[in-house]
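Colleague: Top to bottom, those sequences are chains A and B. The numbering used here applies: residue 3 is where the first sequence begins, and numbers increase by one. The numbering used here applies: residue -1 is where the second sequence begins, and numbers increase by one.
Treat the hints as calculated values from the structure; they're not laboratory data. Certain hints may be false.
As the list claims (entries may be wrong) - Simulated crosslink set (DSBU-like; lysine-lysine; CA at most 30 Å straight-line): (1) K93/B / K464/A; (2) K309/A / K93/B; (3) K337/A / K93/B; (4) K453/A / K93/B; (5) K92/B / K25/B; (6) K81/A / K58/B; (7) K453/A / K25/B; (8) K92/B / K337/A; (9) K81/A / K93/B; (10) K92/B / K458/A; (11) K458/A / K337/A.
As the list claims (entries may be wrong) - In silico contact screen, one side only, chain A against chain B (beta carbon under 7 Å); selected entries: (12) M43; (13) A63; (14) G69; (15) A74; (16) V241; (17) L245; (18) G354; (19) P443.
What the hints assert, rightly or not - Here chain A is said to cover these stretches of chain B; the calculated rule only asks that three of the stretch's residues, wherever they fall, bring their Cβ under 8 Å from a Cβ of chain A: (20) 3 to 13; (21) 32 to 39; (22) 54 to 61; (23) 78 to 88.
Every value quoted in this text rests on a predicted model; they were computed, and no experiment measured them. Note that the Cβ used here is the ideal one computed from N, Cα and C, for glycine as well.
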Amino acid sequence: MSYNLANLLYLVTIVCFILALRFLSNPAHARRGNQIGAIGMVLAVVVTWIRVGTTSWWAIAIGMLIGGGFGAVAARRVKMTAMPQMVALFNGVGGGAAALIALAELHRILPEPGAPKVDISLAIVLSALIGSISFAGSMVAFAKLQELIGGRPITYTGQQFVNGALFVGAVAAGLALVGGIQDEWLLWALISAALLFGILFVLPIGGADMPVVISLLNAFTGLAVAAGGFELQNNVLIVAGMLVGASGTLLTLMMSRAMNRSVTNVLFGAFGQVSAEAAAVAAGEGGRTVRSASAEDVAVMLAYSHKVVFVPGYGLAVAQAQHDLRQLADLLEAKGVEVSYAIHPVAGRMPGHMNVLLAEANVPYPQLKEMDDANPEFSRTDVAVVVGANDVVNPDARNNKSSPIYGMPILNVDDAQTVVVLKRSMNPGFAGIENPLFYNPKTVMLFGDAKASVEKLIQDVKAL
Amino acid sequence: MSHNTILVFEVTILVLAGFLGIEVISKVPTLLHTPLMSGTNAIHGIVIVGAMIVLGLPDKSAFTWVVGFAAVVLASANVVGGFVVTDRMLEMFKKREPAKPADTPQDGAGPGS
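Next up, chain A with everything else stripped away, as it sits in the complex (with noise of 0.2 Å):
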């Protein structure tokens, strides 16, 4: 196959991709658009295989064999709840494929006679750079949030320091290597801090905070992978990895605006660690009385209201309760009251996370709110109904400028007439935060397992 002829195919790759993020837009057709991805990824593919498949075509089948079987088995078998880790380990696997690309290109070029052109030189060091920190960023955060180790953040002193130190050691050995220092031994040290960097960059981040994170790491893979087309003069490469890391750079200020906070406070705020103020204001505060309530009651007052929404966070999700919510929601419909749901943009471990643990339970998608369009709502709202949600229902983030996530936007669940929170116990959320919500004269609390309380929930309303 000629090099034009490939690259007109390439163009209908290209084409493709824009196409699949074109349908993402709508629920309605989202999941054609992906089809459409994939096939222009096949297209792609076959184009290679014709271009450079004479050579050592057994190794190259091979290997998508085992790296796709384990793809498709992986991604079948995990479970929706688990979906964040999930799409961590692909991206670390595209970003350490991007940086092994740069080392073997490398080693093709540097035995050449005279010096490699700075442009290649700096498109291997790019995305050696940024493809390791991705590889063992997104290793630690698929770790993190698969419980292998622990999802609290990791600091010490001297973290920023040593952090820095890594990364300018990396950004060093590259410059040399541009700066045409002929050694392939450079490329190693580059890769191996740019490795420790990406560890220790995402070891202190708390897991709250993982839906930046992986958003970034994403974009990471997509950068380091357009720099991979300017390494093999890829126009595929270049489009489709630049697509990604411009979307996914967006994405990430996005979700970094959801909370209220600047990307570079995430990544080296180490959130999670409850300031010596705050915690000495929520002690002072201490005396108020919670209400809480048994089932029943709370069954009763769900029944007989217009108009009730749930606002899930990720205690939904660890407790698996989105499907019994669901069934609650059904048998509340059924005896006529409005049901919706509203969420918050950073609630669960990534994006929109939530929206698909309630599509996964079948909950249409009309009814899913997002913060904008449902806050207007609550004050004609009866109930407002907490389900494993703490700090995007905190008043404080409104009210209390010595808290932690002061200025956050959150959802206004307490312009209901009456607010129900389905909590474990009094213990505060995941950032030690304390919740003024629990203690307005409109909130009544249902202790308990979320799942179990559902339950209870769907028995107690059955037989009203």
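Once you've looked at the hints, dock chain B against the given chain A.
Modeller: Structure of chain B alone, referenced to chain A:
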């Protein structure tokens, strides 16, 4: 074409692709952000083309052989896993569950749901 001409051309499409990526993504609702991330994750699996080119090099050293093979394995996992996971997610987004004739319509919470 000279090396520099190609380079300028490549930088041009890089920048345009960046703007296109931002443009296309800003229309995606937060409802679909997880599938979007997973979908873009699958798309950067295009790195498999690069991995195949490396492993398909003629007269390669044992080192390139090993590295290229590892790259093909990792990239294939990225591609297949990415698209399959995204498909599984998007399959679940439905407007309304189609009414099953066996279920009583008043009680959608039948067994096995």
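Colleague: Next, verify each hint and record whether it holds.
Modeller: Hints, one by one, checked against the model:
1. K93/B / K464/A: 25 Å, holds
2. K309/A / K93/B: 20 Å, holds
3. K337/A / K93/B: With Cα atoms ~20 Å apart, K337/A and K93/B stay inside 30 Å; holds.
4. K453/A / K93/B: Measuring from Cα to Cα gives roughly 25 Å; hence the hint holds.
5. K92/B / K25/B: 20 Å, holds
6. K81/A / K58/B: Answer violated: K81/A to K58/B is near 41 Å, above 30 Å.
7. K453/A / K25/B: Violated, because 35 Å separates the two Cα atoms, which is more than 30 Å.
8. K92/B / K337/A: Holds, at roughly 22 Å.
9. K81/A / K93/B: Status holds; Cα separation ~22 Å.
10. K92/B / K458/A: Given pair K92/B, K458/A holds - Cα atoms ~27 Å apart, limit 30 Å.
11. K458/A / K337/A: 17 Å, holds
12. M43: Holds. Min distance 6 Å.
13. A63: Cβ of A63/A sits 9 Å from chain B, so the hint is violated.
14. G69: 3 Å, holds
15. A74: At 5 Å from the nearest chain B Cβ, A74/A passes the 7 Å test, so the hint holds.
16. V241: 4 Å, holds
17. L245: 4 Å, holds
18. G354: Since the shortest Cβ distance to chain B is 3 Å, the answer is holds.
19. P443: Interface hint status for P443/A: violated (32 Å vs cutoff 7 Å).
20. 3 to 13: With 5 residues closer than 8 Å to chain A, the segment 3 to 13 of chain B meets the three-residue bar; holds.
21. 32 to 39: holds (count 8)
22. 54 to 61: Three-residue rule met by the segment 54 to 61 of chain B, so holds; n is 6.
23. 78 to 88: holds (count 11)
Hint violations for this structure: numbers 6, 7, 13 and 19, all remaining hints satisfied.
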